[in-house]
Amino acid sequence: MADVTEVWVYLSASPLLFLTLTLAAFQAGTWLYDRTGRKPFLNPVLTAVILMVGLLLLSGTSYDTYFEGAQFVHFLLGPATVALAIPLYRQFDRVKRSALALVVSLLCGSLTAIGSAVALGWLMGASNQTLLALAPKSVTAPVAMGITEQLGGLPSLTAVLVILTGILGAVLGPPLLNLLRVRDDRARGLAMGTASHGIGTARALEASELAGAFSGLAMGLNALATAILLPILWRLFF
Amino acid sequence: MLSALTLILSCQLAGELLTRFLGLPVPGPVAGMVILFVLLALKGSVPSNVGAVADALLRNLALLFVPAGVGVMAHLGLIGQDLLPISVALIGSTLATIAVTALVMKRLARATSGENGDAPHG
Numbered sequence: 195m196a197d198v199t200e201v202w203v204y205l206s207a208s209p210l211l212f213l214t215l216t217l218a219a220f221q222a223g224t225w226l227y228d229r230t231g232r233k234p235f236l237n238p239v240l241t242a243v244i245l246m247v248g249l250l251l252l253s254g255t256s257y258d259t260y261f262e263g264a265q266f267v268h269f270l271l272g273p274a275t276v277a278l279a280i281p282l283y284r285q286f287d288r289v290k291r292s293a294l295a296l297v298v299s300l301l302c303g304s305l306t307a308i309g310s311a312v313a314l315g316w317l318m319g320a321s322n323q324t325l326l327a328l329a330p331k332s333v334t335a336p337v338a339m340g341i342t343e344q345l346g347g348l349p350s351l352t353a354v355l356v357i358l359t360g361i362l363g364a365v366l367g368p369p370l371l372n373l374l375r376v377r378d379d380r381a382r383g384l385a386m387g388t389a390s391h392g393i394g395t396a397r398a399l400e401a402s403e404l405a406g407a408f409s410g411l412a413m414g415l416n417a418l419a420t421a422i423l424l425p426i427l428w429r430l431f432f
Numbered sequence: 550m551l552s553a554l555t556l557i558l559s560c561q562l563a564g565e566l567l568t569r570f571l572g573l574p575v576p577g578p579v580a581g582m583v584i585l586f587v588l589l590a591l592k593g594s595v596p597s598n599v600g601a602v603a604d605a606l607l608r609n610l611a612l613l614f615v616p617a618g619v620g621v622m623a624h625l626g627l628i629g630q631d632l633l634p635i636s637v638a639l640i641g642s643t644l645a646t647i648a649v650t651a652l653v654m655k656r657l658a659r660a661t662s663g664e665n666g667d668a669p670h671g
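Protein chains in written order, with the numbering used here: chain A, 195 to 432; chain B, 550 to 671.
Covered stretches of chain A, as calculated for chain B (at least 3 residues, CB under 8 angstroms):
id, segment
1, 213-226
2, 262-269
3, 290-303
4, 332-340
5, 364-370
6, 375-382
7, 390-399
Just so you know, the hints here were simulated from the structure itself, not pulled from any lab data.
For every residue, glycine included, the Cβ atom is placed at its ideal position computed from N, Cα and C.
Using the sequences plus the hints, can you model the full thing?
The structure is reproduced here in structure tokens:
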């Protein structure tokens, strides 16, 4: 019979183990979420991430080793983003009818995201490097990292803040929208996508295809708006 | 199934090339989404196999963020000394952005489309 250590050495060198564990952790998160009547703070992404980080820390596994397996899941983000064209196409009549409202709301949201993040960080005494990473935090990761880098900030810190914002929006967004009595799925989707990019869009799609279509569109448009507005605003104020 | 996946990946590839060559400030996959949308609009309908593949991908969209999320935790040390300002800014700004966007849209959408969007939802 093989030694346990030998089996571990063999398994941890193959992508199979961490790919399987990633799927299993997400399944566990989904089970817990459904079992507890879909409590917002038991978001399956959050649970899966906490489970996986715990496992990696306990087993002394590096993120690079983990990613050898997890990259197959990560890769599908690209095609899934392209696939957002389908809900958008199916719901395009509704999008067209509220096009002007959509653009105005998106710009208000985009400016709020940048302005409130920088203002709150500044009031709390954050360093300039931190402010630069906070400013594009509502935008999808590759664009946010590009903006921060262009202004002389740290892309790696930006990536961390972007993902945290996504999870926060997915967890806090729906209860906040209920509290504000926003029942229109167009407004709900638009808000989720503007504030918390793809992770918010994943959450919006769970509610309805209409919310998902507005959210996916908001994610794309906010990336564009922030990439144009933020460098101009930053140079005005700093 | 395979042809639908090929179409989606081709749109992504075209999107990556387009953003690189033109220096557009959006990620390749977002440009790919626009390209696929234009193709669907030209065709006038969603081919059923493309719809099926897209729905399968999007049903599991949340799962796809897990590897990046795990990466965040691995780099949590980067937050360092600014933990409190970052926490306040992220939570406050995320709530403010969702509230402002939703409330402006709710007010304007009702005024412009004349449609009652307050349908029940899940």
